[in-house]
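Based on the sequences and whatever the hints tell you, model everything.
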Amino acid sequence: DSGVTQTPKHLITATGQRVTLRCSPRSGDLSVYWYQQSLDQGLQFLIQYYNGEERAKGNILERFSAQQFPDLHSELNLSSLELGDSALYFCASSVGGFSTGELFFGEGSRLTVL
Amino acid sequence: GIQVEQSPPDLILQEGANSTLRCNFSDSVNNLQWFHQNPWGQLINLFYIPSGTKQNGRLSATTVATERYSLLYISSSQTTDSGVYFCAVVGYGGATNKLIFGTGTLLAVQP
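Chains A and B, in that order, are what the protein sequence lines are. Note that the first sequence covers residues 1 to 114 in the working numbering. Note that the second sequence covers residues 115 to 225 in the working numbering.
Any given hint might turn out to be false.
Calculated cross-link-like contacts (lysine to aspartate or glutamate; reagent style DMTMM-like; alpha-carbon spacing at most 25 Å) [to be verified]:
no.	chain 1	residue 1	chain 2	residue 2
1	A	K9	B	D195
2	A	K57	A	E82
3	A	K9	A	E75
4	A	K57	A	D40
5	A	K9	A	D71
6	A	K9	A	E82
7	B	K168	A	E102
8	A	K9	A	E107
9	B	K168	A	D1
10	A	K57	B	E119
11	A	K57	A	D71
12	B	K168	B	D124
13	A	K57	A	E75
14	A	K57	B	D141
15	A	K57	A	E107
Computed far set for chain A versus chain B, every beta-carbon distance over 10 Å [said to hold, decoys possible]:
no.	residue
16	T5
17	I12
18	T15
19	G16
20	R22
21	L61
22	E62
23	F64
24	S65
25	D71
26	H73
27	E75
28	G84
29	S86
30	L114
Since the hints were derived computationally from the structure, they do not count as laboratory data. Ideal Cβ positions, reconstructed from N, Cα and C, are used throughout, including at glycine.
Below is the structure:
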């Protein structure tokens, strides 16, 4: 158990819908990261928050947004869903937000868009 | 940005065999981690190893940062070792420690 909690574990929805994925980092960790893993794209970095502020941005679509709340949990919002958004979405956390430090991953949220 | 290449892409072993997985990266790194993704999709931390050598049971890893590669050794493999092994790095000098993942090595250990 990494200590990073993600909910829901599985989610099935329809095209055009909106979903919210939730992540609670390990106790004491200030950084949260979101990754997308699809069959054809591998593990892709989406976005990082450090202590409530956006720290780094990857190839995150405009239809996707995220935030980190004062209690440090984070949410990833996916809207106007398309079939291609079906993927495993991981959240990770680390103590710091800068160049060093180990990342720990949650078990992922598997999204299926029908 | 930094590129991460892993080899071999696929590997089939008989139970009890040893193996070496390689990770090459294109630039200096501040951080390097090895992960095992099991058949249920969970990403499990194996090593945090920006340089040097570490061992944990049947697994060990070595990173030679000056030559831009890392090796993961699996000895006396077991069927539970099956899955995908990822190497991931943080490029040197950046203001973030986001990990960049390689494409992974798919390992199948047969009984």
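Now for the hints, and whether the structure bears them out:
| no. | hint | in the structure |
| --- | --- | --- |
| 1 | K9(A) <-> D195(B) | 23 Å, holds |
| 2 | K57(A) <-> E82(A) | 21 Å, holds |
| 3 | K9(A) <-> E75(A) | 14 Å, holds |
| 4 | K57(A) <-> D40(A) | 21 Å, holds |
| 5 | K9(A) <-> D71(A) | 21 Å, holds |
| 6 | K9(A) <-> E82(A) | 19 Å, holds |
| 7 | K168(B) <-> E102(A) | 15 Å, holds |
| 8 | K9(A) <-> E107(A) | 8 Å, holds |
| 9 | K168(B) <-> D1(A) | 21 Å, holds |
| 10 | K57(A) <-> E119(B) | 22 Å, holds |
| 11 | K57(A) <-> D71(A) | 21 Å, holds |
| 12 | K168(B) <-> D124(B) | 24 Å, holds |
| 13 | K57(A) <-> E75(A) | 15 Å, holds |
| 14 | K57(A) <-> D141(B) | 20 Å, holds |
| 15 | K57(A) <-> E107(A) | 22 Å, holds |
| 16 | T5 | 13 Å, holds |
| 17 | I12 | 16 Å, holds |
| 18 | T15 | 23 Å, holds |
| 19 | G16 | 26 Å, holds |
| 20 | R22 | 18 Å, holds |
| 21 | L61 | 17 Å, holds |
| 22 | E62 | 20 Å, holds |
| 23 | F64 | 16 Å, holds |
| 24 | S65 | 18 Å, holds |
| 25 | D71 | 22 Å, holds |
| 26 | H73 | 19 Å, holds |
| 27 | E75 | 19 Å, holds |
| 28 | G84 | 19 Å, holds |
| 29 | S86 | 13 Å, holds |
| 30 | L114 | 19 Å, holds |
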